[in-house]
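Under UniProt numbering, the letters of the sequence shown match residues 1 to 114, in that order.
Among the hints, erroneous ones may be present.
[To be verified] Taking lysine to any residue pairs in the SDA-like style, the calculated list, with each CA pair at most 20 Å apart, reads:
1) K34 <-> I94
2) K105 <-> G75
3) K105 <-> M44
4) K82 <-> D51
5) K34 <-> K82
6) K15 <-> V29
7) K105 <-> S11
8) K15 <-> L92
9) K105 <-> I53
[Said to hold, decoys possible] Distance windows between CB atoms, simulated:
10) D49 <-> G75: 28 to 36 Å
11) Q112 <-> V5: 42 to 50 Å
12) E25 <-> V99: 35 to 43 Å
13) E40 <-> C113: 35 to 43 Å
14) D49 <-> S11: 41 to 49 Å
15) D49 <-> S102: 16 to 24 Å
16) A52 <-> D20: 17 to 25 Å
By construction, these hints were calculated from the structure, which means they are not laboratory data.
Note that beta-carbon positions come from the ideal geometry of N, C-alpha and C, so glycine has one too.
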Amino acid sequence: MKEDVTMVPPSIVDKETSGDMVVREGSNVTLVCKALGYPEPYVMWRREDGDAISYNGETALMRRHFFLSVNVIDGEVVTITKVSRLHMGAYLCIASNGVPPSISKRVLLRVQCE
1 MKEDVTMVPP
11 SIVDKETSGD
21 MVVREGSNVT
31 LVCKALGYPE
41 PYVMWRREDG
51 DAISYNGETA
61 LMRRHFFLSV
71 NVIDGEVVTI
81 TKVSRLHMGA
91 YLCIASNGVP
101 PSISKRVLLR
111 VQCE
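Produce the entire structure from the sequences given, and follow the hints as far as they go.
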């Protein structure tokens, strides 16, 4: 017997997703975007202005720090260490799963400069 599978467009869970924030220059910030739907949504982050996102990371195996500058970051969580005024701006969390429509949430990051 064949099961009837209902496709569900993505939705963003506001209670579990970052809102606008103000952070001090030099601090760390984590942006979170939780999405639901069926099939499970693909989540990505990008800057609203189209500029590259610059962020630091660390490889688990070698414990080496690296610096990346990319246009899109895959995944629900983005951590930016040592925030600078260059990180200030609007970020878009975009969720899609092949079931229209894709959905996005805008998160404004303000940096309090010293």
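Verification of the hints:
1. K34 <-> I94: Distance ~10 Å between K34 and I94 Cα, so the pair holds.
2. K105 <-> G75: 14 Å, holds
3. K105 <-> M44: Holds: K105 and M44 sit about 11 Å apart, inside 20 Å.
4. K82 <-> D51: 18 Å, holds
5. K34 <-> K82: The given pair, whose Cα atoms are some 24 Å apart, is violated under the 20 Å limit.
6. K15 <-> V29: The hint holds at about 18 Å.
7. K105 <-> S11: Roughly 10 Å between the alpha carbons, so the hint for K105 and S11 holds.
8. K15 <-> L92: 16 Å, holds
9. K105 <-> I53: This hinted pair holds, its Cα atoms lying about 17 Å apart.
10. D49 <-> G75: 28 to 36 Å: 21 Å, violated
11. Q112 <-> V5: 42 to 50 Å: Holds, at about 48 Å.
12. E25 <-> V99: 35 to 43 Å: 41 Å, holds
13. E40 <-> C113: 35 to 43 Å: Given a distance of about 39 Å, which is inside 35 to 43 Å, the answer is holds.
14. D49 <-> S11: 41 to 49 Å: 25 Å, violated
15. D49 <-> S102: 16 to 24 Å: Between D49 and S102, where Cβ atoms are some 19 Å apart, the hint holds.
16. A52 <-> D20: 17 to 25 Å: 21 Å, holds
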